[in-house]
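Two chains, two frames, a set of hints: combine them into the complex.
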Amino acid sequence: MTKSSKEILSKLGPLIGLILLIIVVSIMNPSFLTISNIFNVLRQVSISAIIAFGMTFVILTGGIDLSVGSTLALTGAVAASLLAGGTDPIVSMGVALILGLVLGAFNGVIITKGKVAPFIATLATMTIYRGLTLVYSNGKPISGLGDHASFQLFGKGYLLGIPIPVITTIIAFAVLAFILHKTTFGRRVYAVGGNEEAAKLSGINADLVKIAVYAISGFMASLSALILTSRLNSAQPTAGESYELDAIAAVVLGGTSLNGGKGWIFGTLIGALIIGVLNNGMNLIGVSSFWQQVVKGIVILLAVLLDRKKD
Amino acid sequence: MIEMTGISKAFNGNTVLNNVQFNLREGEIHALMGENGAGKSTLMKILGGIHQKDAGEIKVDGQPVHFKSTKDAEKCGIVIIHQELNILPDLSVAENLFLGKEKTYGFGILKSREMEEEAQQLLSKLGLNVHPRTRAGDLSVGKQQIIEIAKAIASNAKYIIMDEPTAALTDREIHTLFKTIRELKEKGISFVYISHRMEEIFAICDRITILRDGQYVGERNIPETTFDEIVAMMVGRELGERFPERKAEIGEVKLEVRNLTVKGLFENISFNVRKGEVVGMAGLMGAGRTEVVETIFGYRKAHSGDILIDGKKVSIKSPMDALKQKIGYVTEDRKTKGLVLDFSIQENVSLANLKKVSTSGVVSKEKESSLVNQYIKQLKIRTSSPKQSAKSLSGGNQQKVVLAKWLGTEPEVLILDEPTRGVDIGAKKEIYQIINDLAQAGVAILMISSELPEIIGMADRVLVMHEGKLTGEVSKEEMTQERIMHFATGGEQVD
Numbered sequence: 001m002t003k004s005s006k007e008i009l010s011k012l013g014p015l016i017g018l019i020l021l022i023i024v025v026s027i028m029n030p031s032f033l034t035i036s037n038i039f040n041v042l043r044q045v046s047i048s049a050i051i052a053f054g055m056t057f058v059i060l061t062g063g064i065d066l067s068v069g070s071t072l073a074l075t076g077a078v079a080a081s082l083l084a085g086g087t088d089p090i091v092s093m094g095v096a097l098i099l100g101l102v103l104g105a106f107n108g109v110i111i112t113k114g115k116v117a118p119f120i121a122t123l124a125t126m127t128i129y130r131g132l133t134l135v136y137s138n139g140k141p142i143s144g145l146g147d148h149a150s151f152q153l154f155g156k157g158y159l160l161g162i163p164i165p166v167i168t169t170i171i172a173f174a175v176l177a178f179i180l181h182k183t184t185f186g187r188r189v190y191a192v193g194g195n196e197e198a199a200k201l202s203g204i205n206a207d208l209v210k211i212a213v214y215a216i217s218g219f220m221a222s223l224s225a226l227i228l229t230s231r232l233n234s235a236q237p238t239a240g241e242s243y244e245l246d247a248i249a250a251v252v253l254g255g256t257s258l259n260g261g262k263g264w265i266f267g268t269l270i271g272a273l274i275i276g277v278l279n280n281g282m283n284l285i286g287v288s289s290f291w292q293q294v295v296k297g298i299v300i301l302l303a304v305l306l307d308r309k310k311d
Numbered sequence: 001m002i003e004m005t006g007i008s009k010a011f012n013g014n015t016v017l018n019n020v021q022f023n024l025r026e027g028e029i030h031a032l033m034g035e036n037g038a039g040k041s042t043l044m045k046i047l048g049g050i051h052q053k054d055a056g057e058i059k060v061d062g063q064p065v066h067f068k069s070t071k072d073a074e075k076c077g078i079v080i081i082h083q084e085l086n087i088l089p090d091l092s093v094a095e096n097l098f099l100g101k102e103k104t105y106g107f108g109i110l111k112s113r114e115m116e117e118e119a120q121q122l123l124s125k126l127g128l129n130v131h132p133r134t135r136a137g138d139l140s141v142g143k144q145q146i147i148e149i150a151k152a153i154a155s156n157a158k159y160i161i162m163d164e165p166t167a168a169l170t171d172r173e174i175h176t177l178f179k180t181i182r183e184l185k186e187k188g189i190s191f192v193y194i195s196h197r198m199e200e201i202f203a204i205c206d207r208i209t210i211l212r213d214g215q216y217v218g219e220r221n222i223p224e225t226t227f228d229e230i231v232a233m234m235v236g237r238e239l240g241e242r243f244p245e246r247k248a249e250i251g252e253v254k255l256e257v258r259n260l261t262v263k264g265l266f267e268n269i270s271f272n273v274r275k276g277e278v279v280g281m282a283g284l285m286g287a288g289r290t291e292v293v294e295t296i297f298g299y300r301k302a303h304s305g306d307i308l309i310d311g312k313k314v315s316i317k318s319p320m321d322a323l324k325q326k327i328g329y330v331t332e333d334r335k336t337k338g339l340v341l342d343f344s345i346q347e348n349v350s351l352a353n354l355k356k357v358s359t360s361g362v363v364s365k366e367k368e369s370s371l372v373n374q375y376i377k378q379l380k381i382r383t384s385s386p387k388q389s390a391k392s393l394s395g396g397n398q399q400k401v402v403l404a405k406w407l408g409t410e411p412e413v414l415i416l417d418e419p420t421r422g423v424d425i426g427a428k429k430e431i432y433q434i435i436n437d438l439a440q441a442g443v444a445i446l447m448i449s450s451e452l453p454e455i456i457g458m459a460d461r462v463l464v465m466h467e468g469k470l471t472g473e474v475s476k477e478e479m480t481q482e483r484i485m486h487f488a489t490g491g492e493q494v495d
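Going down the list, the sequences are from chains A and B.
Quick note: the first sequence uses the working numbering, first residue 1, plus one each step.
Quick note: the second sequence uses the working numbering, first residue 1, plus one each step.
Chain B with its partners taken away, still in its complex shape (with noise of 0.2 Å):
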């Protein structure tokens, strides 16, 4: 059992955590909640010794404990599995598994067949059929999380951290997932489970702990609550609809893909976005959509295929042609592929804009900073200058500079690779509201999403992709999930 009770934290003079309690029992799967910067990551971050508290708190078994690195909460059983996994991908199963703490016969000499036996032994109790000498990085994400848990274990680990470890899951591996921490649940192992989606947190917590603004808000037990009552906890206000009504008035077809194939990720797709629609495209992880979307943009090579932009067939070989057909595309990974971190707020919003904000090649500080203030206003990105580096900003307001950065470019039509993820509850709100103004005035709206609710809320229409296929289409009357997952694991379309 933890007890942490009082806990406060500052950074630079910037309290982050003020007062907080949390408390984790045996065999329990504790979600802890709230938007960006509540201060969940601190406060598991004390709990694991990265981070070391200014006061309070913290007793394991009744025993008081000051952790002064990762190494004494090992001591404890604390373990952190971090959201960017800790493999290694060239090194095998069972060498990231004793990683660390390898077995030897001294002088560095590794017993290598005594360790593959145990980690054999160890994901065969997790039931992951796999075999300790694979190479870790031809795992799927799904199961490196697993290999994750599994050198937790491996190091007497009684109290699992887990910070969003569905994020890049497919529902499938998250199903695995699930029964792997349930059956460890049984054997009186504890979970703390971070997560910004509450289906999950539903499915598998016993309770949860809310925090605001570094403050301790609640805890419930997950029976007794609801959705409602968590996200009435988390922003502190009542949210109103999930999803903001849109009246969009659906017009011409806009975009039109016909057959577009590239050879080995996707073939033969087909479909169109009209203006004023948000289409939503659905799929399993590696069904190919991003590679879709990708491809429309110029950013890979079709193989064949046409492109069509108001009924006429366009030559798209480069995002600098997808640019000049009035398309955006805000990516799927901001950090990776949306935003430069180093560059200001102002800096990324002028990226595809660097036109627009110059005269003759020499850059307009005041048409720079009136673009750029334009859509802080807009967008309701909170910030204290415009200058501020995109790094320092909150995964909500990151996705809100990348989305100015592409409504600067004034696109008829706007992709969306999963505009909301890692995006707390309320900034994802103001996103879909952002998402209605475009299409309430005329935009073609494609957008990806493996949130399901988000797809059914948000889209007109919804395409379904299954291993490089387009394997059904669901029209808004027919979106239920069960519908849609029938088509993302491969079914067939039947009318």
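Extracted from the complex, chain A is given alone in its bound form (with noise of 0.2 Å):
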């Protein structure tokens, strides 16, 4: 085999995976191909894939965001506040959107500048996010969001038969897509993950593009906050807890590597995809909530074993 082909096949080792599970769950459970239950995994997919979108560009570049679900229910209750309180629903989901550029960026600054190691400096935020979401909030969920049509559609509407979540993913994915593999900066992100130290004496100021990545993931994790917040019409303080988990899941799932430099989006969206369906499809076979953890680690475990024995 040639060298490329190799690449090739590993590279879609995931959708292969995620294949042969939609095979194996449709069999077990014909229901599970009905449309309503696509778009139910879609929906469900979609909030944990956009923080992961944001996730593949921190951890291409070595590093790791453990802060995002503290952001996405910082800035859902943010959002939620704003539009209890009678704000325009557009202002406050710039507000929210805006919030989790800063948050992210804030991880960046705290990584670079500071010279913190990004599993410490995130956890450190993880939990500063999370208290503040609590002092914010009064630790109470935050309800009353008025029925601003923009607002409520952005979670719960369809546009063309298919859920506005859907679209917002699919949107997303292709525009990060094409950041990441068409351009300068999609380029740098690579370089300072594959060598920090010759992608900064070949004049890149890795700095900055850390600080970016960071900002990305902060903002992908408000966006996901707003589609969480409008489908629940209320945000709730403990939201998005474990979500970081999840979505380093489908990023290494999705075949890339912690050490950064290697990897690819589309390899995120399938691992998120892989995700969900197992979710549902335990559920639909009816396997038990505690088992389906089990069920759940082993396949990530299995996808990096796998990883490792092409090497």
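Accuracy of the hints is not assured; some may be wrong.
As the list claims (entries may be wrong) - Distance condition first, Cα-Cα at most 20 Å in a straight line; then the derived PhoX-like pairs of lysine-lysine: (1) 75/B - 59/B; (2) 11/A - 182/A; (3) 262/A - 391/B; (4) 317/B - 115/A; (5) 71/B - 53/B; (6) 355/B - 182/A; (7) 11/A - 387/B; (8) 301/B - 113/A; (9) 103/B - 71/B; (10) 387/B - 262/A; (11) 113/A - 317/B; (12) 182/A - 367/B; (13) 75/B - 45/B; (14) 365/B - 182/A; (15) 387/B - 182/A; (16) 59/B - 45/B; (17) 115/A - 301/B; (18) 356/B - 182/A; (19) 262/A - 45/B.
If you're looking for bench data, these hints aren't it; they were derived computationally from the structure.
Dropping the structure here:
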């Protein structure tokens, strides 16, 4: 086998896994393949996939962002309280998105300028942002968001028969894939993850690249927060707990290396779908929720082990 | 006595060794030479049990042997010391020496005292004045190299294979290493010595075997051969002059450095480089040469001093600023500082040229491939495709990729840090030719090199550093190895 066809096969591994999984689940319960169930799966996946897209950028630079779940909660709470206070929905959503961007950029600044390891820095901000959410919301859900159509549609609406969160996910994927694979910024992301020192010595501002990827991660978390808040028509202070782990799992399942420099965002999309289909499939088949966790963990392990085998 | 005959080996259908022979007598130092990709390392990895041969025979003291692992080879007394040393920096010297074969009272409880005493004896036998409890990472690379030999001796090695042992050593350390090797040779221990440095092979080896493209070319006794004969055997053709001639016109001062200081590393460095001039920078390892050029390039922060381009003071606070001033820097260690190894040739070349190969932030495939193809042709980079990963290239071709990356920025000042380290002799000459072409085009070149013949062959003028100070400047007319070494070891300038 030539090198490139081997490479293509290794890249398509996750996709083959997803197709096999879909086949197995549909055989065991044909109702999986109904349109309403598929949209159900996709709507659920959209929230975790959008976070995982941002996480892909971070992981490609060799970093990690544990704070995405807390960022989601805090930005969701801010958006909800603005809406509940009668602020224009577009302004409310804009404020939440900018806040996500800022919270993410703050992570990046701590990591680059403070020279703190990404794991530690985002572990700390994960706690800080969660704490701020509790302070802000007084520990209570924020509801009574009114019935602004634009906000309601964001999480619950359909366009041409397709759920809007799914469309949002597709647009986010297309934009981020373009940035990552076609722009100089994307090239810099890979370079910083592949060899930071060589990147710096080639005149690349590695600190700025890192701050930008954490900002993207924070922004994506807040985008996800808007979908979730719209769907639930309220913001929970405990929203997004352990979402960072699902996002990391999706990135890793998609074949992106935690060491940075290697991977692609399409893999992350597949990884998020694998997790979504697995969750939904096990519910349909009637696997107990306790066992579901065990199975999910085993799938992640198997994927990583198979990935190792290839080298 | 080791005899290898008819050895063949292929990886994924690519023949790497074809019917190769090699023998090693008791108490000799046997050089193994060939260009990168000639098959030296594979042959030795077969002897060391890391790879298995596809065909051929290995005999140790007349007995046929089959090595399935390094353990099997070690049982016959064969040990490989790799270029990247296997020293655990946070363990002590004694712990390193007994790694994997610790002496215990049983239940894994270590006989630390006994091992330290034994280590002490071994170290003094090798003439290394180091306490066994010293942290191994605190030792110089030269001493670590000798610790590796001690490890081999501790496991009763009779045949020691050394791959480029001097690549990271200073002249003084090389001297000590050679002394150790010669003493062990007197005791009947044999060495295989892989190196690109011809001077060293003539200084220490008894015989030489030469490989080319996976084939055995010949064997010579060192006293009966010459530099030119070996080179001709290696490259399969006459190479002509080792350093190509240069006809560059030396012009105005392009780069000037005044009293540059980074506390604790170097101080009061002042010099200049003219257009079309190649200025060499010599000195021992640790003299501060790399640190000086990293500071000029904005990778380190200067405490004081000025940098002038075309006579005007410039502020260079980062490599980005250096790029704006048309300065390029081909780094010393291409694997850790020069290349993104997982990137393709094309992506590596683009790395310093992202503005050039893009339109409003979007990378243009056409611009990118025309840039890389231009340099693949101009620098004769041997590759099947610009998409080939940098990792899979030979040392010489990797170095050319780093050069291509910087030539793409059209530098007016080019800093080269050990531009031919670990590069085979054919590619070396090509790199010298590239440097000459650049100088002829008016580029000001500052070249750090630890190989004195290279400095003398290439430079118009040599700056010599010793312990963070510029101790001398040697003009073309008075350039000799002795004179450069005089300054490099701290001698004063006498005019």
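Which of the listed hints are not met by the structure?
19
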